[in-house]
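Residue strings, one per chain:
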Amino acid sequence: EDQVTQSPEALRLQEGESSSLNCSYTVSGLRGLFWYRQDPGKGPEFLFTLYSAGEEKEKERLKATLTKKESFLHITAPKPEDSATYLCAVQASGRGSTLGRLYFGRGTQLTVWP
Amino acid sequence: DSGVTQTPKHLITATGQRVTLRCSPRSGDLSVYWYQQSLDQGLQFLIQYYNGEERAKGNILERFSAQQFPDLHSELNLSSLELGDSALYFCASSVSGTGFGEQYFGPGTRLTVT
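If you read the sequences in order, they're chains A and B.
Numbered per my numbering, the first sequence spans residues 8 to 121.
Numbered per my numbering, the second sequence spans residues 607 to 720.
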């Protein structure tokens, strides 16, 4: 079965302290890997889509990268407003996969303190 | 603001009751997806509709049903509610009919079953 695992479950950073979040996946036929940000009680907010190994996307202090088995979300010089849960999801096209559905990881809860 | 709207924001109801959750997709999007988010399960795909037709099913219980109307809004009907159905229910939309590509999430409906 397709699986998405995120680590760490929780991460506390001081403002300005850069770090990376990991998303490892086992899917048959990756069609896309997605990063979302979710604030408490709100809907996931789309950040990035990555389609192939070696691809990178950037947005402000965030940079997402993709390899054949995992993705990283790098946070450079984070600020308190970056505090949120970051979710990774994949779409797959292999046997046993439901077309188009997103398989989500459990997320990394990031806290950035001043 | 993703452009996806959901009503109501909160629902409190008793076991055994039936409720209807409503979703309007982003302008131009033809696909609607429903997801359930609970503390122990994370985000789980329930069902997808494309231009009025059911396209894919996930972990949706038989007590739950959905439909998409000609104006593309969608409703998720939950019946014979149990305590375990308490969760956040999200609707997402995308332009793609195949289901591939990023999905944009609404603000969610928080359902509490007492």
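For the record, the hints were derived by calculation from the structure and aren't laboratory data.
Be aware that a few hints might be false.
Okay, the calculated beta carbon distance ranges per label pair [stated by the list, open to error]:
| no. | chain 1 | residue 1 | chain 2 | residue 2 | range |
| --- | --- | --- | --- | --- | --- |
| 1 | B | G634 | A | S14 | 33 to 41 Å |
| 2 | B | L645 | A | K76 | 26 to 34 Å |
| 3 | A | S26 | B | S644 | 25 to 33 Å |
| 4 | A | Y58 | B | S644 | 27 to 35 Å |
| 5 | B | S686 | A | A84 | 33 to 41 Å |
| 6 | A | P47 | B | D677 | 44 to 52 Å |
| 7 | B | S702 | A | Q10 | 19 to 27 Å |
| 8 | A | E65 | B | T720 | 39 to 47 Å |
| 9 | A | R113 | B | S686 | 36 to 44 Å |
| 10 | A | H81 | B | S686 | 42 to 50 Å |
| 11 | B | S702 | A | K76 | 23 to 31 Å |
Even for Gly, the Cβ is constructed at its ideal location relative to N, Cα and C.
Hints versus structure:
1. Between G634 of chain B and S14 of chain A the C-beta distance comes to about 37 Å, which sits within the given range of 33 to 41 Å.
2. Distance hint check for L645 of chain B and K76 of chain A: the Cβ-Cβ separation is about 28 Å, which falls inside the suggested range of 26 to 34 Å.
3. Between S26 of chain A and S644 of chain B the Cβ separation comes to about 28 Å, which falls inside the hinted range of 25 to 33 Å.
4. Judged by the Cβ atoms, the range 27 to 35 Å given for Y58 of chain A and S644 of chain B holds: they are separated by roughly 30 Å.
5. A C-beta distance of roughly 51 Å is found between S686 of chain B and A84 of chain A, which places it outside the suggested range of 33 to 41 Å.
6. Between P47 of chain A and D677 of chain B, the C-beta spacing of about 32 Å breaks the proposed range 44 to 52 Å.
7. The hinted window of 19 to 27 Å between S702 of chain B and Q10 of chain A holds, with their beta carbons roughly 24 Å apart.
8. Evaluation of the 39 to 47 Å hint for E65 of chain A and T720 of chain B yields a pass: the beta carbon distance comes to about 46 Å.
9. Against the hinted window of 36 to 44 Å, the Cβ-Cβ separation of R113 of chain A and S686 of chain B comes to about 28 Å, which falls outside the hint.
10. For H81 of chain A and S686 of chain B, the hinted distance range of 42 to 50 Å is satisfied, since their beta carbons lie about 46 Å from each other.
11. Between S702 of chain B and K76 of chain A, the C-beta spacing of about 26 Å keeps the proposed range 23 to 31 Å intact.
Checked against the numbered hints given earlier, the structure breaks hints 5, 6 and 9 and satisfies all the rest.
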